[in-house]
Amino acid sequence: MLTCKELTELVTDCLEGHLSLWDRVRFHLHIGMCRDCRAFLRDRRLTIQTIGKMPADPIPPDVRDELLERFRNWKPD
Amino acid sequence: MGRSDDIPGRGAALAPSGVGDARARPSTIDAASAEDRALIARLLAGDEAAFAGLIEEHHGRLVRLARSFVKDQATAEEVVQETWIGVLNGLGTFEGRSALKTWIFRILVNRAKTRGVREARSVRFSSLGDPEGDGEPAVDPTRFGPHGMWADPPRRWEDDTPEAVLLRGEARQRLEQAIEELPPRQRMVLVLRDIEGVPAEEVCNILEIAETNQRVMLHRARSALHRALERYLEEE
Chain H
1378 MLTCKELTEL VTDCLEGHLS LWDRVRFHLH IGMCRDCRAF LRDRRLTIQT IGKMPADPIP
1438 PDVRDELLER FRNWKPD
Chain R
22 MGRSDDIPGR GAALAPSGVG DARARPSTID AASAEDRALI ARLLAGDEAA FAGLIEEHHG
82 RLVRLARSFV KDQATAEEVV QETWIGVLNG LGTFEGRSAL KTWIFRILVN RAKTRGVREA
142 RSVRFSSLGD PEGDGEPAVD PTRFGPHGMW ADPPRRWEDD TPEAVLLRGE ARQRLEQAIE
202 ELPPRQRMVL VLRDIEGVPA EEVCNILEIA ETNQRVMLHR ARSALHRALE RYLEEE
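First to last, the protein sequences are chains H and R.
Quick note on numbering: my numbering labels position 52 of the first sequence as 1429, and the sequence is numbered without any gaps.
Quick note on numbering: my numbering labels position 152 of the second sequence as 173, and the sequence is numbered without any gaps.
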């Protein structure tokens, strides 16, 4: 039987599809029975999704102008 | 060096760094999309609006990625500007074997590595393959009982969508700070995988690391961010 502690270390391998068949069975059996680990997995997924939605800073206007100027003078070959 | 679209170098300032494509393998999972190809056609035709759209979408993201390679913001900006010049120089030879975004990231990483070597003050790439440190546990061990079961289990978060989390007070700043504090290699992997959505295989190619190391670093980075977010949401 997988412990909760072990599950928290296998979670990335699981989400990345890299668990062996046996570990996958143990992982899912545990998740099926353990509410706390279901919560952990839910929070982990939400963390990853949130990271993916973090906006980046906009391009500074002077940098934008300079790059556009360069583009105007650029000749693809 | 088998892939002519790996390195955009032309001209002395943009000479290929010689790293970056040693392990390049043909990849079909991440090939350029129809939109990528249409955009490239517009760029090659000199469409300024297309270029403006491209730099507006990616500049800030590239700076964020560059920050994991170089120590200060100003150097990161410079690396990104060099990257855009590299993109323009190489566009004519882009073959679309990877997504346009991935190709741009690869140029950035090569520029950043060259810069790092030159300035000898950023990440040492010779050790890029080694996972960092001994590896903190994903969850504070004191939260488990003697049999490895939760003693202090995760509490219910009020928010259940990423949008709701990001709207909450300082959640975004806390996550950004946690990313900033990650060891450089974990940060590179996290930014490429989870912020930019680059597939694992491409991240291994770009950073020249083994798949297993990539996963170890991703696990540690995600765990650190998970802990930071949990700490914040529970103190709210």
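Honestly, the hints are just simulated from the structure, not real lab data.
Please read these numbers as outputs of a predicted model, since none were measured by experiment.
Beta carbons are placed, not taken as given, at the ideal position from N, Cα and C, and that holds for glycine.
Keep in mind that the hints are not guaranteed to be accurate.
Claimed, not checked - Partner residues aside, some chain R positions facing chain H, computed with beta carbon under 8 Å:
| no. | residue |
| --- | --- |
| 1 | LEU60 |
| 2 | ARG82 |
| 3 | GLN102 |
| 4 | LEU188 |
| 5 | GLU201 |
| 6 | LEU203 |
| 7 | ASP215 |
| 8 | PRO220 |
| 9 | ALA221 |
Earlier hints that do not hold, by number
1, 4, 5, 6, 8
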